[in-house]
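Enquirer: One letter stands for each residue in the lines below.
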Amino acid sequence: MTATTALPAPRSHVGLLGWLTTTNHKHIGILYMVTTLVFFGFAGAFAAVIRADLMTPNHPLVDRQMYAELFTLHGTAMIFLVIAPFALGIANYMLPLQIGAPDMAYPRLNALSYWLFLLGGLVILSGLLTRDGAAAAGWFAYAPLSTTGSQGNGMDLWAMGLLLASASSIMTAINLIATTVLYRAPGMIMWRLPIFCWDMIVTSLLILMAFPPLATTLALILIDRNLGGHIFDPSHGGSAVVYQHLFWFFGHPEVYIMVLPYFGIITEILPVFSRKPVFGYVGMVLSTLAIAGLSMAVWAHHMFATGAVLNPFFSAMSLLIAVPTGIKYINWIGTMWKGAIVLPTAMLFAIGFLLNFLLGGASGVMVASPPIDYWAEDTYFIVAHMHYVLGGGSMFAAIAAVFYWFPKITGVMLRETWGRLQFWLMFIGFNATFWPMHLLGLAGMQRRIYTYPPLPGWGLLNLIATLGADLLGVGVLLFLWNVWVSLRHPVPAGPDPWGGFTLEWATTSPPPEFNFTALPQIRSNRPVFDLRHPLADGPARQSAAEAP
Amino acid sequence: MPGGTTLQAGEIHRVWDIFLLTATAIIVTVYVLIFWSIAVYRRRGEGLPPQFHDDLPWEVGLTLLPLLIVTGLFVLTYRAEVRIEHVAADPPVQIRVTGFEWSWRFEYAGGGPTVTGTPEQPPVLVLPVHQPVRIDITSSDVDHAFFVPAFLFKRDAIPGFVSSFQWDLSEPGTYRGECAEFCGLDHAAMNFTVSVRSRQAFADWLRRARAAHPGPATALPPGGRPATRGGALAGPAVR
Amino acid sequence: MKTTEGVLLASASFSIVTGGIYWFTSYEPAGTFMLLTMAAGLAFAACYMALLRRRTALSSDRRDVHMPEAQGEAVGVFASHSPWPVVLALSCAVGLTGIVYGWWLMAAGALGAAGACVGLMREDREARSS
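Chains as they are written, first to last, in this note's numbering: chain A, 1 to 548; chain B, 549 to 787; chain C, 788 to 917.
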């Protein structure tokens, strides 16, 4: 593959100016990942303060205003500045490699996406520096609380920063879809794409469908707050219920935007470390599409307790999502079944994902039933549910991705001993933090309270949760230590330390500027495996048998 | 006994029990399969394991089975929900509940009384046992939620929107109530108490309360629309 | 490309059907509107893909292509560095904060954004002519 034309380069490609002007997908991917790590530090610190505040009954450590800002920024940052952008960052780096492309379809748009994301995050957090504090109406900012019920610029900065971040996500989605449609390597038909790439395309479609309503909602909030609008103001003919419809039409697909890429990552890791092809490839693709489609039709399950929506419609749709998710679990287990499994840290975190996400999915199915939701909604049961899927799920998968692809990105291996220790601390810490919250919620502890009375069990469960969170934090610090040590005393990785299946393992670590000097023949969803094992059974042999 | 406080709570708890049983069965099965795989199918040497990647009967079967399960769960849910959502045509006790920053107002239909609370003095909602009670709930400012954990039930209080539900109380007692939708600074203090009494005791209370405070509410409590300071969600200026 | 078109078409169909069911069961306007406009957007994209497919043949979509056949294909024009994305992003961020901090900021942001767009277009023209 030849004939790529480069635009004339400015005088300096190195140093700070080089990073500010880069349009290379690998550099942008690294920028995303490092930036999300920093935002994760902030959001995690906010959570640590929240957990310390709630450690014992009637013993808050911060005042009510600060507490409201903390949980608002924790949620906003984790959702918009960490989990989703990290996935987009990994996709930025890996998708062009996995499809055999030299870069993303629109490199300058890609760079624009990153800078909008960074600036959007900074604008949101800058609310902390204003006189009246940051946004404090929760990450979903229900109107009228966020409009007539909040004074000060923090709320406006929140909306403006999120508008920038929304634009960023939409642009990345466009880029990912265009790249996949137009720049696949010869022979890389859609049905041979790695499942990670499929999941990223579907995620991108979801972004395109979900973020415009969010952007609209944010604009309407700004209009209500600054330009004399009354869209969400019932005392002037507006509707608070419509806010929830608008927000959750975005909000529900958003949680799948935060999970589908990570499903894809798990589906990359399990086959390699089981030494088998992914089980049920077609089922994996169809189930991703089914999840995405259904996810656009379930938004009002967040509104069951309002009495303002048709509960059975949304309950049926929400329960249905369990079916394609179940298909994925069957296929993941089928991949490992009768395989030849090894357990490096990446695989440990992948298995941790499987165990944790299942619990989160189960609690999700429970609250898909309105009767149960009347009990559990807006309590710590929901906090447990969301953290099991996003923390125990997506976060664990993100860490698995780092351990899996760090060698490719840096050319250097991460230390396994520190990695294992990190896994056990985080697995135990995570479950200790969030499992008790199921019980807390069912016992009646509601969300977003800065302190609580000494009701039976509440104190003990909160104490366990706080101690678990401390353990979780130690695990994160251990990760930073691992990265530092591994870069300081590098152990070279080579092009393919794991015996990988997909195209990124067919080039050097890290890859050269336009990714490949030569590409192997592509006859299945695992071209590098086929290269190394030309006589093996599997999808390639099946494809050859089916060829005319 | 969980689920024994109202008829509706009983319905909810039955649904919960079945969902919990189903979830537990599925979780245990999947966990066993995962742990089995990790324990038994470990890499020994350089050879490749069998490279199968499809099994249509299993895949179709294990798609249909979850579909059947969720269909069953939906039917169970729908039936229970119809019963929980049922509101009698003309229940003997009707109360308008209004949430505001940061307490609750209860207006009993048919001549009052009106009970208004403050964060320092949470209001008491007095209800009769074994009689359907209809509650019409709304808010006068931002979103709140009316939550009684012992009844396994909450309903949002949304400004500009009135939602109705019914409780058939089965168990006299005193129960804690909370606000379950973040509504600003004193969200954590927006509590109330539900006092479920025998029908006679309720009738006595109602008579005395009407005599002391005749008629429906005249005005919002002072500072019903809070004066706020800065980005903070401060309390009402006047109490 | 046929697959992508199929995905978009299937998604559009699902949205129309769901939107229809939603309207007839709930008569709730906000959700119906959002579902149907989503269907329209997806259908629009599907039509575009159909038209694009008619005039494009990619070696990516050939099952049995051999690499030497595809060698020498011009893949595309890829920028390697550009100062304009960060300038454009800064202009947007600064301009947007003008809503609360003063309309002059919006003007400054608009100017910066316009300048960045001009810069991007000139870069593009230079690349295509070289």
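Check the hints yourself; a few may be wrong.
[Unchecked claim] Computed spacing ranges between beta-carbons, pair by pair: (1) C:855 <-> A:499: 37 to 43 Å; (2) B:600 <-> A:499: 14 to 20 Å; (3) A:512 <-> C:793: 43 to 49 Å; (4) C:800 <-> A:513: 38 to 44 Å; (5) A:61 <-> B:747: 56 to 62 Å; (6) C:800 <-> A:226: 38 to 44 Å.
Bear in mind the hints are in silico, worked out from the structure with no lab data behind them.
Backbone N, C-alpha and C fix where the C-beta goes; we use that ideal spot for every residue, glycine too.
Enquirer: In ascending order, which of the hints set out earlier in this document are inconsistent with the structure?
Expert: Of the numbered hints, 1, 3 and 5 do not hold.
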